[in-house]
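Same order as they appear, the protein sequences are chains A and B.
Take 1 as the starting number for the first sequence in the working numbering and just add one per residue.
Take 1 as the starting number for the second sequence in the working numbering and just add one per residue.
Some hints could be false.
To be verified - SDA-like, lysine to any residue: derived pairs with alpha carbons at most 20 Å apart:
1. Lys187(B) x Gly315(A)
2. Lys187(B) x Thr335(A)
3. Lys43(A) x Phe151(A)
What the hints assert, rightly or not - Every beta carbon over 10 Å from chain A, so not counted as near; a handful from chain B, in silico:
4. Arg33
5. Phe34
6. Asp71
7. Gly99
8. Glu104
9. Arg151
10. Ile159
11. Pro163
Said to hold, decoys possible - Ranges between beta-carbon positions, derived for each pair:
12. Asp299(A) x Lys169(B): 38 to 46 Å
13. Glu111(A) x Thr100(B): 28 to 36 Å
14. Asp299(A) x Lys187(B): 49 to 57 Å
15. Asp142(B) x Glu333(A): 34 to 42 Å
16. Pro32(B) x Glu56(A): 54 to 62 Å
Please keep in mind that the hints were generated in silico from the structure rather than gathered at the bench.
No experiment lies behind these values; they were computed from the predicted model shown.
Idealized CB from N, CA, C, for every residue including glycine.
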Amino acid sequence: MERRREGRDASPRGNVRVVDVETGEEVPISHKVPVGPNHPILKEPLRIKLAVRGEEVVDCKVEMGYCHRGIERIMEGMPWQKAAFLAERVCGICSHAHNMCFIGGVERTAEGEPAPRGLFLRVLVQELDRIQSHLIANAAYFYSIEHETMFVWNMNTRERVLDCIEEITGNRILTGWNVVGGVRVDVTEDQLERVLETLEKVEEDVKAYRRIAQTDPLIKLRSRGVGVITKEHVRRYRVVGPQARASGVPESDMRLQEPVYPELGFKPVSRKRGDNLARILVRYDECLQSIDLIERIVDELPEGEHRRELEIRGGHVDHRVEAPRGELVYDMELTQGGVVRRVTIRTPSVPNIRVLEAIAPGAPTIADAVAVYASLDPCVACNERFVIVDRDRGEILYEGRAREVMRECSRTTSGRS
Amino acid sequence: MLPDYLGQILTRKGGKRLLDAHSPRRILDRPPRFRDFPRIDLDRCVVCGACADACPVGEAENQPPALEMGDRGPVLHRERCIRCGLCAEVCPVGAIEVGTLAEEVKERVVPSKPARVVVDRDLCVGCGRCQEVCPSDAIEVDETASVDPERCVLCERCIQACPVAGAIKLIPLDVEELARRWTEHLKEALRRAREG
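Extracted from the complex, chain A is given alone in its bound form (with noise of 0.2 Å):
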């Protein structure tokens, strides 16, 4: 059965109205169940608007806008040196795929081309890194379904990987690796020994945790065929990464396009079903995956040097990366030498997250609703964004106007403090 919500002007102060398409008529709700802002299963800021019928899902809005950190306006006027430190820590849990994204875009608008060797490093850690992003996804899921068993296994597992990206990087999470023509520093042979052997025992454990959740009855009572996302969903939402291979949709893996993958031979996992398991197992499988590439990578290493000095050019520049969650989108300008002048950050849990609107109804609890924020892989923090909207014209602003506001935001709050 189809639903929709009334438009706003229906309900002004944000009452949730549930209205069958075909008859007309209302659908009853016993009550509202507000989810956050803050709430024990949430890591992070987010309000989750439910309406329920007994314990049935009948409507599902999301609010943000909890979070917001305006971390593009404090990246104007800076340069890539001291930039590329702060792209990373818009995300804290792929916060090298940003420091990718960026370095990457900053590379796009310099003359010549960046160290072969940089770049197989760049994509080992970037690897790396989506394993353990991939590995905490999947313990928040066990986690919301009350599985604390395999919650403990998955984040164990995921310290084993953090102590590799530790021995090349010298850091665990915010590693600092790249640099604008390759990566900071070069690997020794000693530390790939040490990072494979670490990883044979990572590949065993993931394994045995891909059989359990396939197997075991109750993730699968609580997983399967619940949450699903359709192709249509997919489409209308625009939803990345995992969650739409998991979908049936390999071709919104943005590894295709990437440098250094056709390389390696890299071939996208999907699974079709679309629900909470498939999810989890698409992850399971990129965990795999990336341990593949990260042994092809090691064979396939080119000697030389690990950076080149470019020059920057400047200019406007798009640049994707697939990040653990999904696309990642760095849209900025950039000046000669390689100064910010504007940028704009589309992070792929702003998708992801949209898209529980349309898969929560129909949920049979509370809780699965829950499970099934939880298996979306959500990162609230990356994601809050702010445009400003010219009221009376009804109309964004990007430029000009839009900037005159700021500032004199900026000034006021600065004023307060």
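Keeping the supplied structure of chain A fixed, place chain B upon it in accordance with the hints.
Here is chain B on its own, set in the frame of chain A:
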């Protein structure tokens, strides 16, 4: 016979270790590349200010930087430091240590210098006093002294130490070249402004 874990707690040292959470001790084995807080060797510092310029903290409005220049050298504020290691990368004399980063980074970001130290070979007597006082090992003496301009930090200690007046000079870089670059830059800016 006590179990192992109880035995560790019941000894004097073990009990202290349990109670005292703030004592400096090694908790985990860190890899050699681990980026800890920068360790600054003030004896080697030449107070050039490159590290404070490079620090990415404090770029936003109303936010103080993590590394500030004091009278004797950089002052680190640990509560704001993000351990990026840029200060160690840019230090011209290697006075800052962040793991093994300073040794491993191949290309150092050399700040553009406004002047250059030049030795007059006719006047130089090859006494080697300048080599002794140079903080960045930029001077080599072989009959006469010669200066490596990339390592030189323009501290002028060699000029003060030199016994022969005028043998070592501080020469500003080509003024005409600088003027030409600035005119080009201004022209470009004007052209962009006219285009909108």
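Mind listing which of the numbered hints don't hold for this structure, in increasing order? 4, 5, 7, 8, 12 and 15
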